[in-house]
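In order, the protein sequence lines correspond to chains A and B. Per this note's numbering, numbering of the first sequence is gapless, rising by one per residue and ending at 1095. Per this note's numbering, numbering of the second sequence is gapless, rising by one per residue and ending at 1095.
Bear in mind the hints are in silico, worked out from the structure with no lab data behind them. Small disclaimer: the values here were computed from a predicted structure and weren't measured. Glycine residues also receive a C-beta, built at the ideal position from the N, C-alpha and C atoms. Just to be clear, a hint being listed does not mean it is correct.
To be clear about the criterion: a stretch of chain B counts as covered by chain A if any three or more of its residues have a C-beta under 8 Å from a C-beta of chain A, and this derived list gives those stretches [what the hints assert, rightly or not]:
no., segment
1, 996-1008
2, 1018-1029
3, 1039-1045
Over 10 Å on every C-beta distance to chain A, these chain B residues come out as not near it, computed from the model [as the list claims (entries may be wrong)]:
no., residue
4, G941
5, S1081
6, F1083
2 protein chains.
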Amino acid sequence: MTALRIYLAGPDVFLPNAAAVAEAKKTLCGAYGFEGVSPVDNEADTAGLPKHEAALKIFAANERAIRNCDSLLANLTPFRGPSADPGTAYEIGFARALGRPIFAYTNVADSLLERMRLQAGNRLVRRASGQYEDADHMAIEDFDCADNLMLVGAVEGSGSPIVMHATAPSGRYTDLVGFEMCLKLAASHFKLGRRAASAGNL
Amino acid sequence: MTALRIYLAGPDVFLPNAAAVAEAKKTLCGAYGFEGVSPVDNEADTAGLPKHEAALKIFAANERAIRNCDSLLANLTPFRGPSADPGTAYEIGFARALGRPIFAYTNVADSLLERMRLQAGNRLVRRASGQYEDADHMAIEDFDCADNLMLVGAVEGSGSPIVMHATAPSGRYTDLVGFEMCLKLAASHFKLGRRAASAGNL
């Protein structure tokens, strides 16, 4: 029987040890009966190409990989700001429109509003409407959500909550406890037996 | 004849005058023969709902609106960091998987790498591999791209470049010159005649 394939989206592709993290994720996928498919594998074949051409080649390979997968598991840990990596957000939207179930975790366990409040030193401005806004006067979503409501809707619309598991800052992009909890949710979704027990960090 | 419908994605939904900006965008859409569809219109019908339920209702309405549109026009202006709003990124991915052509503009005309370099005061760390990385040791894409390569690929894969039009900081989220340039590209894509001339800021 061919294993169900899960596309592994997340900013961990930008880690110095991205290939090792991808391998660790694939190993965990295997333990739950899945085949993990990482975008890291699509970066190898671009040597010698002009930069922009390399980007478009990786893009096309990533889209193809998502189409060829049965599901998507995303790392929504905030990246360069209070929200998820936009490439990951793109891939979630892409998979969602294809009808693939989405699973997601974040290694920072606050709502978007709580994170913005901490960042602003508890001095968020409030509009007459009651909405909070940031220093650019842009409204901060106040929906008890981990991130932008489109990301939350895509995951919850697939039948599972976003797994929120706070980690130490040093493990923010490498801790795989939340990732493994997503695999359990995915296995339950697809009704696979759990083939092995394993959890932890890189 | 029914006008072709364009979904208007972007962080301008978070502006204090979001409804006015959405109306200005719709008016410009009309001038080019399109019907503009704004997610702002999906926020009205949530009064009295628990927060999280309101979020999921807006999410579902936005996805439905994208499905009912022929195209998507995104504002990729950096939002709370060096990259586009993740909700916008999600919606681009969703529309792309449905086969809708994507048009996009940004009111900050630098590559992602240039923005990160400015932010770091020209002191970016370089890896032995030649890749640049940020303070979290995460690689910075160096592909001559305005943002994450998935967003760039989605727009260029639809046949148009990302419109980059630098504006004054005060007009960062309201300037509509780049938006109108996208409408011209969309009109050309769909081979519509231009029905009126208009450009400028709110």
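Here's how the hints hold up against the structure:
no., hint, verdict
1, 996-1008, "violated (count 0)"
2, 1018-1029, "holds (count 4)"
3, 1039-1045, "holds (count 6)"
4, G941, "14 Å, holds"
5, S1081, "21 Å, holds"
6, F1083, "21 Å, holds"
Violated hint: 1 only; the structure is consistent with all others.
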